[in-house]
Structure formats: structure tokens, C-alpha cells
Amino acid sequence: MADELRFDPADERSTLEFLEKVVAMSPASQTEAVLEAEKSSLTRFANSHIHQNVSQSDCQLLVRVIEKGSIGSASTNSFDSDSLRKTLECAMAVARTGRIPAEPPDLPGRQEYVGIRNRCRATADFSPSDRAMVAKQLIDECSEKGAEAAGAVSNCENVLAIVNSNGLRAYHVLTDSNFTATVSAEKITGWCDCYAVDVSKLDAGQMGRNALERALAGRNPKKIPPGRYTVILEEPAIKDFMDFLMWLGFGAQAVEEGRSFMCDKLGKKITGENITVVDDAYHPAGIGIPFDYEGTPKRRVSLIENGIANGVVYDRSHAARAGKSSTGHALPAGFTEGPLPLNIVVSPGQSTSDEMIQSIKRGLLVTRFWYCRVVDPAKTLITGQTRDGTFLIENGEIVSGVRDMRFNENILEVLSRAEMISQTVRRIGSTITPAMKIADFRFTEHVGEG
Amino acid sequence: MTESIADIALNVARLAHAEYADVRVIEMQKESIVVKNGKLESAQRSNSTGFGVRVLIDGSWGFSSSREKSSREAESVAREAVAIGRASRLAQRKKVRLAPSVVVQDRWVTPFLKDPFPVSLDEKLLLLDGAVSRLRSVPGVNIAEGFMNFWKREQQFKSTEGSEIEQSTVFSGAGMSATSIKNGEIQTRSYPNSARGQYQAGGYEVVRSMGLLENAERIASEAVALHSARQCPAGEMDLILDGSQLALQIHESCGHPAELDRALGSEINFAGTSFLTPEKRGNFRYGSEIVNLVADATQHSSPGGLGTFGYDDEGAPAQCVALVRDGIFVGYLSSRETASEIGCRSSGAMRASSWNRIPLVRMTNVSLLPGNSSLEEMIASTDSGILMCTNRSWSIDDRRLHFQFGTEIGWLIKNGKRAEMVKNPTYSGVTSRFWGGCDAIGGQKEWVIWGTPNCGKGQPEQIMHTGHGASPSRFRRVSVGVAYGG
Chain U
1 MADELRFDPA
11 DERSTLEFLE
21 KVVAMSPASQ
31 TEAVLEAEKS
41 SLTRFANSHI
51 HQNVSQSDCQ
61 LLVRVIEKGS
71 IGSASTNSFD
81 SDSLRKTLEC
91 AMAVARTGRI
101 PAEPPDLPGR
111 QEYVGIRNRC
121 RATADFSPSD
131 RAMVAKQLID
141 ECSEKGAEAA
151 GAVSNCENVL
161 AIVNSNGLRA
171 YHVLTDSNFT
181 ATVSAEKITG
191 WCDCYAVDVS
201 KLDAGQMGRN
211 ALERALAGRN
221 PKKIPPGRYT
231 VILEEPAIKD
241 FMDFLMWLGF
251 GAQAVEEGRS
261 FMCDKLGKKI
271 TGENITVVDD
281 AYHPAGIGIP
291 FDYEGTPKRR
301 VSLIENGIAN
311 GVVYDRSHAA
321 RAGKSSTGHA
331 LPAGFTEGPL
341 PLNIVVSPGQ
351 STSDEMIQSI
361 KRGLLVTRFW
371 YCRVVDPAKT
381 LITGQTRDGT
391 FLIENGEIVS
401 GVRDMRFNEN
411 ILEVLSRAEM
421 ISQTVRRIGS
431 TITPAMKIAD
441 FRFTEHVGEG
Chain Y
1001 MTESIADIAL
1011 NVARLAHAEY
1021 ADVRVIEMQK
1031 ESIVVKNGKL
1041 ESAQRSNSTG
1051 FGVRVLIDGS
1061 WGFSSSREKS
1071 SREAESVARE
1081 AVAIGRASRL
1091 AQRKKVRLAP
1101 SVVVQDRWVT
1111 PFLKDPFPVS
1121 LDEKLLLLDG
1131 AVSRLRSVPG
1141 VNIAEGFMNF
1151 WKREQQFKST
1161 EGSEIEQSTV
1171 FSGAGMSATS
1181 IKNGEIQTRS
1191 YPNSARGQYQ
1201 AGGYEVVRSM
1211 GLLENAERIA
1221 SEAVALHSAR
1231 QCPAGEMDLI
1241 LDGSQLALQI
1251 HESCGHPAEL
1261 DRALGSEINF
1271 AGTSFLTPEK
1281 RGNFRYGSEI
1291 VNLVADATQH
1301 SSPGGLGTFG
1311 YDDEGAPAQC
1321 VALVRDGIFV
1331 GYLSSRETAS
1341 EIGCRSSGAM
1351 RASSWNRIPL
1361 VRMTNVSLLP
1371 GNSSLEEMIA
1381 STDSGILMCT
1391 NRSWSIDDRR
1401 LHFQFGTEIG
1411 WLIKNGKRAE
1421 MVKNPTYSGV
1431 TSRFWGGCDA
1441 IGGQKEWVIW
1451 GTPNCGKGQP
1461 EQIMHTGHGA
1471 SPSRFRRVSV
1481 GVAYGG
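Order-wise, the sequence lines are chains U and Y.
Residue numbers for the first sequence follow this note's numbering, beginning at 1 and rising by one.
Residue numbers for the second sequence follow this note's numbering, beginning at 1001 and rising by one.
Some hints here could point you the wrong way.
Unchecked claim - Here are the computed lysine-lysine pairs in the DSSO-like style, where the Cα-Cα straight-line distance is at most 27 angstroms:
| hint | chain 1 | residue 1 | chain 2 | residue 2 |
| --- | --- | --- | --- | --- |
| 1 | Y | K1095 | U | K187 |
| 2 | Y | K1095 | U | K86 |
| 3 | U | K187 | Y | K1280 |
| 4 | Y | K1036 | U | K265 |
| 5 | U | K136 | U | K187 |
| 6 | Y | K1030 | U | K86 |
| 7 | U | K68 | U | K145 |
| 8 | Y | K1039 | U | K68 |
| 9 | U | K324 | Y | K1036 |
| 10 | U | K21 | Y | K1069 |
| 11 | Y | K1030 | Y | K1069 |
| 12 | U | K379 | Y | K1423 |
| 13 | Y | K1095 | U | K136 |
| 14 | Y | K1423 | U | K265 |
| 15 | Y | K1182 | Y | K1036 |
| 16 | Y | K1182 | U | K265 |
| 17 | U | K39 | Y | K1039 |
Think of the hints as simulated: they come from the structure by calculation, not from any bench.
Computed from a prediction, not measured in an experiment: that's the story for all the values here.
Please model the complete structure; the sequences and the hints are all you need to start from.
Written out as C-alpha cells, the structure reads:
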């Protein structure tokens, strides 16, 4: 495009200058320009060879305008002046309907942000050959043991930048890398998933070996009857529960509409006393951004403290209606589920993994869940199945693999039956969580042919 | 400009001695409107454009993409795709082989009567406001929502084999839901389907023909009435599913396991594998003799399907392929690469969600062919059973064998009559046993091609639009109510 407005999203100055030009082009009385840029690559392997290897970069510009007290928004990834004008005009057309009131009436002004350092050049520059070598290491180790490896190695650099007509300027760039693998031995699988801002700290080797060991240890799985078991839910399983609590009730919109499990429960006990959950973009092991999509600085928000429902997260409009202030959890304009906590941190406990296993007379170790879905939102009842590493524990020792089973459980009740919590935490995606020992976890059916 | 981008990229691949390369240059538009409790929540248009270059070099794939459609970027992106393909050789067990495909020069356009994008926002809001207003007129409704979504995609495909294909697809749809909250219980009814409605290939006429206004008060009343209904009982029962719920059952328990890349193990780390392994093709009893399932991407027999197109994203023509014939598993959804692994030709199921994603084996329109019964006849010939309608919850294992679904509403059937309403219905089962118990399928009159605009697969994840033709059907001796039991 001849008149494309050029900038480098990885460069703060040129990106903010681009957004300032967009804001200056707007005919609206108030305008906000949000840029999300992503450069990401992913190498995928299965059956012990690389079968997909991809790279992509994209920038999406989202403009939000306020005209006569009403909001309109539109987005594009074409940055020639004609496309930008059309996008602004689309947003203006919606604002002119007068149907989306601006609450509060004005965009925020200049803000101060706490710096978060989660960018690493080595991660952004991690090459296709580097990724292939990570995959090859696990493939070779599995091959020596007669096992098959599958998985993905990925790296990305993401930018979020905001400029508005009231003087707000925000820019953050972060990197992340991920290694996930499934190892198969005699049709039994082990799995791992790890993340690192700095790819040199991505512990792919050890995590891959753990997956291999679990696949080998799980061979000849026993079929045990469905029912209630004491379980150790490892970090990925707890992460799934936190994701559903986030959607079902940790946001102000769910409370406003009366569908959150937090409604009428603030200040009351909803889980065991050993459960504390916060949203904390600043956690040193996390992957936070210091502001939200409205440019509001992120606050650390206590959601559940020692089992007591303590708070939910707000954006500016929900806060205005509730007589509160925004906690910095707005999502992009056009997202209609309201503010959500995207950096959940569950507090660790005091137990080691060995102590949790040793404390169980008869129970199960669950590596992860799969295909969890809400059955009943009011009850926080969800279903899902175990996958890729489920083991029988007897008299304090792991004795064999077991066939996978489906569960149906109420998340809040599960968190009321947490008997032990691990002293270490792991980051899974953007969630940081320990593992937990849960009593009387309800498995309802076998998974598989019967 | 776009033509030269494709040519430049393909030339780079040829000069690098790639065995094969293709380029897709895409422009996508989307409009999304949400009205809730009389307030416009969002009315947003978005555009996304760019191109993707896929290169097969020395038997390995490389893919790169960019939003910037310039000659310089085309060259750079193609070079990166070549470099990525070469890096893939570091862990190459065997060279990729592509099943032969026809070379095509063609243009294909979704037939539609009225382009939804020029339709004014006022006209769209008039319909949604009317529907939401009728939902809210029923006492006890707390949340009343209306949705509309429209997608348009212009795509140019070009390959080193000489194919040049232009396609323009348009998808439209809408829906509404009423939620009632009482005594700590949440009940929702949706129309025409949950997950924001019904979506089809076509223009604004799809939305106009839905009957949103005519059905609003009925579903709102049902949402409120569910609070007083008895809990769905637990046990083994004869189960009748409405078409929209059966569409999702087909999607999860036939569509995904019939994806050949899953069956060959490519998706094991994420979406999972399939119980429909290649040695079962042609001899495995998937369902009863009246069960016939097809993957049909053709305009001729699947008009309006979200998986209806002229050519897939590697240039294979749209086809109608039998997956299950007379109850026997007989075929797969496949690509040129996966088809060559089992000595077949591609079934034309390679689809990418965007310019920056590679094509994967995806569902087209996976449909249950109509039978000769009807909902009325099925109810009349059921002594004791349950009718379940409109999906609320879905979960299936990573081999697509064991599933559990929940629906928004159910009715017990007693002595051939629809009896009392039940709330929170769920059912579960094992795929082949469940389909083996299918003893009645509704006819063509009740057959609808339902749209699933939110099917996730792949890493990085791609959200795809798929279609599923279905009519109400009956299944004998199904486990019901397990989710709430105990």
C-alpha cells in the first residue's frame, strides 16, 4: 500500500506515534486507538517427526470513539489512510445510533504504570532450527525407549499499545515460549506443558522426560470402578477449575446480572479456609501487562481470601454502575462478557508432592483434565475426563496406571475439600497454581469402550 | 497487486526447488451485534487481510504469513516459509507425499439473495430489539439477549501446480436467549439454537427467515417454567434428540473421529486421536443399519452449510463423501497428504480459519441423512422415554468414544405422548453403542442444516465454521441423568 502508515510494533516510539496519527484522524470528540500485535512461531511434531511448522505476524487496530455520549468501535489490520478512515467511520456510525452510552462519559487521561519486565530478546529470536532441535531431543529420547513423541514448541512476542485523545499513552511488549508434549508407549500417554518468558529457561528436556516416564509407568492400566476417590489434582487440572470460576463469577458483569456464584456471597465462606485466589498481573512468575484495554493500571485483586469470597474485577463501565473504581480488567471493546481476571494466582500450601502421595491410603493422581465444560453454571458443576497420566495410589505409593474416567463435580465444593496444597506453584498459560489433594472427588463413568 | 503477490511467493518457492507451494490471499469482514436487556452491547465491524505461503520442500512443510500485501513482503514471507520447511527436516521421519489432485482455474461464490453488510444497522437492530423486547415481556426473565453475526471472505488461491481459484463466501446468522434466575438456579432457553443462534451460508435472508419474533415468548416462558419443572430422572431410557442437539452429537462423535489426521495421530498432543483407526474402514459397525453419515461440501446437496464451498484450501473440489454407510464406517475427511497415507485421494476437507493459519483437515458439512420417521411418529411410538432439545453442555473424550451432553430442556414421554417438562437433562454414552441404538430418523421435512461457527482445532488454535444436517432421531436405552446423580 502506497500510503500505509508504517511502524515497528516492537518499537514503543514508532507504535505510539502511529496510534497518535490514528487518533488525530478521528472526527469524534473522543477517540481511543488500541493496537494488538503478535509475532509468533510454532513447530509441531507427531509420530516422532515434525509435521507442521508455521510463523505469523499480525497487528490489529481497534478504535473506540465517543460522540455525544455514545460509544462506537471497529477494527482493522490495514493501515493505509483510506482503510483507517473507513474504520473510524464504521465506529462513528455505531456511536451516532446513541445506543451504547459511554459510562463514565469521558475516556481516561494520562496514567502512571508500574513496569513489568517480561520481554526477552532470545525468545523473540528463537529460530525454526532452535525449535526443531527441542523437538528432536525428545523424539530421540523417546525412540531409545520405544516410545513415540508428539507436541509443539512455540515462541511469541506480543504488543499491547493504547493512545487516546485525553492524553493516555500505554505500551507493553512481552515474550513467551511454550513446550508441550505427549509421549505414547504401548498406547499409554504421558504429557507435559511448560512456559517461560525467557526461552533459555524453558525446561523442555526435563519436562519431556517426565512425560516419557509417566507413559512408561502407566502401561497396563487397571480398570477401577467409578465413584468417589481422594485425588491429587496436579496444576493443569486446578488451572481448568480456575478458568471456569473466572468465567462463571469472578467478573463484575456476572455479579451485575445476578448469575455469579459470588452474588450475595461477598464476605462469606465459599471454599475451604486454605484457598486464597488473587488476580495479580505483577506476580514475578506471571506474564502480566500493567494496564488493561482501557489503559487503566492493573490492580492486584483479592478474589477469595482464606475461603471467603472477597471481590470481583471491574472495568470502567461496570465500576461506574456499581459505584466502584475500575480494577484494570477491561477487555477489548466488542467483547461482551465484561471484565475478567486473566492473571489468576492461587496461593501455595505447605506440602511436598511426596507428602501428598504418602498421605493417601487409596486414591488417584491426575495429571490433567480434558474437555471440561459447564453442566450447571449456578452450581459451578462441570464435567470432564482425566487424560495422559492417571495413576492409582495405594498405601502412600503410586502402584499403577488406571483407565481414564469422567467426572462431574461442583468446583466450589471441590475447593472446600482440599486437604493438602503443594508448596510449589507452576504457571500454566497465564494462571499460576499449586497442585491439591482433594477428598471424595466424584468420578461418574469410565472413558473408553466400557 | 494480489495476483503478483502470489506469483512472487510461488517463484521464490520454485527457485528454492520446493516440490510444491501454494499461496492464499484473503480479505475477511465480520460484523457482530449483541443486544441485551434492551441495550446495544456491541455492534462492531472488523476487517482482516493478509496472505499465507505454504511450501513443501525436501518432503517437509514450512508456512509463513503476513498482513502486509507488498511485493517485498511476499518475497520475504516465501523465503521464511522455505527456511522453516528446511528446518523441519531436522526431525523428519518420512517425506510428505501428496495424493494427486486436479488443476483448476475457477471462481466460486456463495449464493445469496441479500448481502448482509450493506443492510443498515437500524434494520438489524429493529429485528433484535423486537425479539429482545418480546423475551423481556415474560415475567421472570432476567437476561434477554439477541445476537447477529455476518462473515464475508474473499480468497485467491494459487499453487505451483497451476491451480488458480477465487472464492467468495458469505455466512449469516442470528439467535436469542432468555435466562431466568431464581432461588440460586439459572435456566436458559435459546432459539433457534444455543451458542448465539443458527448460522448458514447465505445472506440477510437467512436471518429474516428465522422466526425470531414468533418464537420469543415461547422460549422465554419455557425458561421461567423450568424452575418449577422436576429434575431429569437418572436411568436408562429411550432418548429422542431434536435436530440442533443431534447436529452437535454428529459433530463431536462422528465428525471429529472421521478426521484422518486425528486417526493418524497428528493431533494427539492437543485435540486427541480417534477410535476410527484406518484398519476399521469398511468393516467397523459404527451405528445401526439406518445410520448414514456424509461429509458433504457441495452446493448441490448441502446448500446453506457453513462447510459448503467450491474448493478446499489446497484446491481440491468440494465433494460428498460417505463416512458411515448403512451403519458401517467407510470413509474419512482427508487432505492430499493424509489421503496418500491410506492410498486414497483427498476428500477435499483442508480448511484454514484465516490467512495466517495453515489448512488442516476439518469438517465440511457432516450430516446424518434423513430417514423416514418424524418427531411426532417417534413420540407416538415411544412407551417411556425422554425428548431433549437445544444443547447446554458437551464433553467427549480424546478418542471421541465416551461423551456427556446436557440440554436446555427435556420432556418425559409416556405412553406415546409428550408428558411433563424436566430440567437439567443430561445423557451420556459410548459412540458406537449410542449410534447402534438409533432406530428412527426424521425425514427430509424436518431435516435442517445447522451451523457450528465455533469448532476449535490445531495449534495455534483455529476456530472453524462447520455445518451439520440433522433431523430429530431416536436412540434406544441411553444412560440419562448421570451428571446430577450421586
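Hint consistency between K1036 of chain Y and K265 of chain U [alpha-carbon to alpha-carbon, up to 27 angstroms]: With Cα atoms ~25 angstroms apart, K1036 of chain Y and K265 of chain U stay inside 27 angstroms; holds.
Could you grab the alpha-carbon distance between K136 of chain U and K187 of chain U and see if it respects the 27 angstroms cut-off? 21 angstroms, holds
Is K21 of chain U within 27 angstroms of K1069 of chain Y, Cα to Cα? Holds. K21 of chain U to K1069 of chain Y sits at ~22 angstroms (cutoff 27 angstroms).
When you check the alpha-carbon spacing of K1039 of chain Y and K68 of chain U, does it fall within 27 angstroms? 17 angstroms, holds
Compare the distance between the alpha carbons of K39 of chain U and K1039 of chain Y with 27 angstroms, and conclude whether the hinted pair is satisfied. Cα-Cα ~37 angstroms, so violated.
Mind checking the alpha carbons of K379 of chain U and K1423 of chain Y for me, to see if they're no more than 27 angstroms apart? 14 angstroms, holds
Is K1182 of chain Y close enough to K265 of chain U, meaning Cα to Cα at most 27 angstroms? 16 angstroms, holds
CA of K1095 of chain Y to CA of K86 of chain U, is that 27 angstroms or under? 47 angstroms, violated
Does K187 of chain U lie within 27 angstroms of K1095 of chain Y when you go C-alpha to C-alpha? 24 angstroms, holds
K1030 of chain Y paired with K1069 of chain Y [C-alpha distance capped at 27 angstroms]: 20 angstroms, holds
Has the given pair, K1423 of chain Y with K265 of chain U, been kept, meaning a C-alpha gap of at most 27 angstroms? 25 angstroms, holds
Hinted pair K324 of chain U and K1036 of chain Y, Cα distance within 27 angstroms: 22 angstroms, holds
The earlier numbered hints that this structure contradicts are 2, 7, 17.
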